[in-house]
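Trainee: Can you make the complete structure from the sequences, with help from the hints?
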Amino acid sequence: MSERETAPRRAPAPQRATAVTAEPPWMRRLLIGVALLFLSVFLILPLAVVFAEAFRGGLAVYRAAFADPDARAAIALTVTVAAIAVPLNLVFGIAAAWAVAKFDFPGKSLLITLIDLPFSVSPVVAGLVFVLLFGSQGWLGPWLGGAGIEIIFALPGIVLATVFVTFPFIARELIPLMQDQGNADEEAALTLGASGLRTFLTVTLPNIKWALLYGVLLCNARAMGEFGAVAVVSGHIRGLTNTMPLHVEIMYNEYNLVGAFAMASLLASLALVTLAIKSFLEWRFAGAIASGPAH
Amino acid sequence: MAPAVRRLRVRAPSAIPGFGIALGYTLAYLGLVVLLPLSALVFKTAGLGWAGFAAIAGDPRILAALRTSFGVAFAAAVVASLFGLLIAWVLTRYRFPGRRLVDAAVDLPFALPTAVAGIALATLYAPNGWAGGVLAPWGIKVAFTPLGIFVALVFVALPFAVRTVQPLIGEIDRELEEAAATLGATRSRTVLRVILPPLLPGVLTGFVLAFARAVGEYGSVIFVAGNLPFVSEIAPLLIVIKLEEFDYAGATAVATLMLLISFSALLAINLLESWSRRRFGHV
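Which chain is which? The protein sequence lines are A and B, in order. Under this note's numbering, think of the first position of the first sequence as 3, with each following residue one higher. Under this note's numbering, think of the first position of the second sequence as 2, with each following residue one higher.
Rather than coming from a laboratory, the hints here were simulated on the basis of the structure. Treat the hints loosely; a few may be bogus.
[As the list claims (entries may be wrong)] If you only want the chain B side, here are some residues facing chain A, beta carbon under 10 Å, derived:
id, residue
1, 20
2, 101
3, 117
4, 218
5, 253
[Said to hold, decoys possible] Per label pair, the in silico range of CB-to-CB distance:
id, chain 1, residue 1, chain 2, residue 2, range
6, B, 194, A, 196, 53 to 63 Å
7, A, 142, B, 100, 49 to 59 Å
8, A, 152, B, 61, 34 to 44 Å
9, B, 269, A, 204, 41 to 51 Å
10, A, 54, B, 100, 24 to 34 Å
11, B, 185, A, 53, 18 to 28 Å
12, A, 31, B, 44, 52 to 62 Å
13, A, 54, B, 28, 42 to 52 Å
Predicted model only: the values in this text are computed from it and were never measured. In this text, a Cβ means the ideal position worked out from N, Cα and C, and glycines have one as well.
Mentor: Rendered as C-alpha cells:
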C-alpha cells in the first residue's frame, strides 16, 4: 500500500527512453504544454489574482487593512481555534493509529471507514449537525442555554466544527505508516524491559515523527482555512466569532476588496508555506511518510 | 480448534501494551465528535416522517438546487479526471524544467482556503477580470453563471484526480510497453491497449473522490456562482439559507437528500470500479 503510494515521490532516474516506449518529441511537447496551460489557468492564475488585488493600492493600504481591530480579532480567533483543534486531533490520531496498526481485532475495517467519514460529508452538513445538537431549537441547546453555556455562535461551536472537518487528517497519515512498520521494534524494546510509555516515546515516536509533522501540517492548514462548517456555526459576530476566512467573506460582500484580498493573501501565504514544507518533507523523507492521495 | 476460553478474546494475542486505552479513547472520541452529531441528523430526519420529508423534498427549488449540484459536480469531476490523468502522466513520464514546482502546485487546492479560491475566481472571471475580459468578447460568461460553479469545482477536484492516478503510472512495467512495441504495435496502440486499461480503476477512484468533494463544496462556489434560485444555486447554499431562516426541518431534509444521493452515486461508481479492477486491473 505505502510502497505504491510513495513510489512517485522517489524520482526515478531520468529515463533515457528508447524510441519504442516513448512518444515522439512533438507529442511530448504538446502534452506538457497542454498540462502546463491547464494548471496555469486553473491554479496559478487565481493565486496570482489574490496577491495582485491585495497590493493593488500599494503597501500602505495593504498594511492599513490589518490595522482594523476586526481583522486582528479574526486572526487571533483563527489561531486560537487551530491551537485547540489540532492538538485534539493529534492525540486522537496517535491513539487511533496505535489501536488500528498494532493490534488485530474484529471490526477494524469498519473503524477505519468511520474515521474517514468526515471527509465524505459536506462542510455545510458538518456545521448543520452541530446546530441540530446545540442550537436554540436543538437537542441539548435549551438545556445548556439554561446553564449559561453557549456553543453555537460562540468559540466552542467553531472549535467543534473545525475538529469535525479535520478529524481524519493525522490518523490517516499515521495508520498506513505504522501498519507498514509492524511491531518488531516495539516488541524488542519491551523484551529488553522498557515500559510501555518508554517504548512509545523512544521507539515508536522517532519512527513516525515525520509523518506526524506531515499530518499536523495538513490538519492545521485545513483548520485555519475552513469556511463552510464554521460559517454555519459562527453567526458572523464581528470581532467575536469571525475567523479569517469569514472576515474575507464579510469584507468581500461589503466591496472592501483590499480588506478582503489582504486577509486572503495572508491565508494564501499560509497555504504556500504549507505546500513548501510538505514538498520538502516528501522529497527528504519519502520513506518515512506514507502519504495518501486524498485530503 | 482453539480452546473455548480463547474464543472469548476480543483481539489476537499481542505483547504490545495499551490496546484498551488506545481503542477506548479512539471510540469515545469518534463517538462524541463524529457519530453523535451525525446521529442528530438521522433522528431529526426520522422525526419529520415520510409525509413531512416528501413535502419538503418535492419543493421545486430544492430539486433544482440538487440537480445543479450533482450535475455540475459530475461534469467537473469528469473534466478533472481527464486532465488529472494527463497531468499525472506528464509529471511522471517527462522531465522538464520546473517539474518539481509544478508537482507541488497540484496540491494548491488542498491547501488554499476555499473562501480565498472563491473570491479569486470571482475576480478573475468577472467581466472586467483577467480571464473574464478575454472571454467576454466571445460572449462567454463564467462568473455568476453555472459555468462559474463548474470552474470552482474543477479547481477543488483536480488534486484528487491527479494524486490517485500518479502512483499507478509510476508503477507501470516498462517491459510490457517494450513487449508491445516488439510485437509490432504502434505507440498509440500500445497506449490505448496496454497502458490505459490498468489505469482505469485508478482513474475511477480519483473520479469518486473528486465527485464526492465537488458535491459538498461550498466556500469556493458561492462567490463565483451568482446564487440565482433555479439557475446557479447549489444544495449546500440552500442548507445555509434554510438555517438562516431557522427552518431546521428544511435544512435537515436537504442535507439528508444530499447524503442519500451521494451515497447511492458513490456505491454505483464503486461497483463499476471493482468491476473494472477485475476486468482490467492487473497491477
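Trainee: A separate judgement is required for each hint: does it hold in the structure or not?
Mentor: Tested hints:
The beta carbon of residue 20 of chain B is positioned within 10 Å of a beta carbon in chain A (closest approach about 5 Å), and the interface hint is therefore held. Taking 10 Å as the C-beta contact cut-off toward chain A, the hint placing residue 101 of chain B at the interface holds, the least distance being around 7 Å. A distance limit of 10 Å between C-beta atoms decides the matter here; for residue 117 of chain B the minimum to chain A is near 4 Å, and the interface restraint holds. The beta carbon of residue 218 of chain B comes within 8 Å of a beta carbon in chain A, closer than 10 Å, and the hint placing it at the interface holds.
For residue 253 of chain B, the interface hint holds, the least distance from its beta-carbon to any beta-carbon of chain A being 7 Å, beneath 10 Å. Restraint check, residue 194 of chain B to residue 196 of chain A: a C-beta distance of roughly 56 Å satisfies the suggested window 53 to 63 Å. In this structure the supplied range 49 to 59 Å holds for residue 142 of chain A paired with residue 100 of chain B, their Cβ-Cβ distance being about 53 Å. For residue 152 of chain A and residue 61 of chain B, the Cβ-Cβ distance of about 37 Å falls inside the hinted range of 34 to 44 Å, so the restraint holds.
Checked against the hint of 41 to 51 Å, the C-beta distance between residue 269 of chain B and residue 204 of chain A comes to roughly 49 Å, which is consistent with it. Separation of residue 54 of chain A from residue 100 of chain B is about 26 Å and conforms to the stated range, judged on CB atoms against 24 to 34 Å. In this structure the hint that residue 185 of chain B and residue 53 of chain A lie 18 to 28 Å apart at CB is violated, the actual value being about 53 Å. Restraint check, residue 31 of chain A to residue 44 of chain B: a C-beta distance of roughly 59 Å satisfies the suggested window 52 to 62 Å.
Between residue 54 of chain A and residue 28 of chain B the beta carbons are some 49 Å apart, a value that agrees with the proposed interval 42 to 52 Å.
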